[in-house]
Amino acid sequence: MVKLISVDMDGTFLNDDKEMSPEFDKVFKALKEKNVKFCAASGRQLASLKTVFDKYKDQMLFVAENGAVMEIDGQPIVNATLTREISDKFLARLKELDDMRILYCTSDYSYIDRTDDESMENARIYLPKFEIVKDVTHIEELPVKISVHSKNGYYNDFKLLVEEFSDEASICTSGFDWLDIVPKGTNKGTAIAKMQAMLGISPKETMAFGDQMNDFEMINQAYHSYAMDNAIDKIKQIARYTAPSNNEFGVVSTLKEVFAID
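The sequence shown begins at 1239 in the working numbering and counts up by one.
Please note: incorrect hints may appear among the correct ones.
[As the list claims (entries may be wrong)] Taking CB as the label site, the calculated pair distances span:
(1) 1334 with 1486: 41 to 49 angstroms
(2) 1371 with 1442: 42 to 50 angstroms
(3) 1472 with 1358: 28 to 36 angstroms
(4) 1354 with 1398: 40 to 48 angstroms
(5) 1442 with 1315: 22 to 30 angstroms
(6) 1415 with 1315: 23 to 31 angstroms
(7) 1480 with 1359: 29 to 37 angstroms
(8) 1354 with 1482: 29 to 37 angstroms
(9) 1261 with 1313: 27 to 35 angstroms
(10) 1355 with 1333: 31 to 39 angstroms
(11) 1354 with 1255: 17 to 25 angstroms
(12) 1316 with 1400: 19 to 27 angstroms
(13) 1273 with 1356: 23 to 31 angstroms
Hints listed in this document are in silico derivations from the structure and should not be mistaken for laboratory results.
All C-beta atoms in this analysis are idealised placements derived from N, C-alpha and C, irrespective of residue type, glycine included.
Input sequences plus hints: build the corresponding full structure.
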């Protein structure tokens, strides 16, 4: 019997217009009546997730910053931070590359150092709690995650960064043009495993939905694993099932079917 459902956000639970299914309220209430816990698991900051689920935030679970931060029963838990040495080394390397948009994320806040239209639009959509700074290297609080955006994408700039830093930190892509660096061994899967242990829920009692490589470990941590129809091939290869695409609100339609919700 499924006791925990973990869903990625962008490209999975939300459609491309960043909307949730109009049927989610009905599904959420039905899951609650069945004592099934619902968890949003994302690379987004915790504040962003709680904004999206404002109506439900006190009744659900959260995994944020690709596993570095989580919240259970309203209590935030910081699982890990990057060391100052690795953080400074990574930021220094980024300064050597052209046109990198950097997002420096602490457990409660995010910092950006650019104010162009695209950066500000990204902040408006994903960062309810952010601050503009002249230089992210001057921030004293250690980061839980550093994200970098490059229009050149994975097979150019990102490939170099993965090769250079994968021994010192966990690095994963989120789509084609975003790369996240988090503490070594940190990912959505390790956060879900910790949550399962705290709640007394096994992987066989867990359902997960995802579409990108930052969902890989989470998909492996759930027996009832679903790749979205729009997911990349590597996620489809490891998931047991396929759900309709995010633009068809495949998470909610699958939950309605599996849990017999009218």
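Checklist entry - Which hints from the list above does the structure break, by number from lowest to highest? => result 4, 10 and 13
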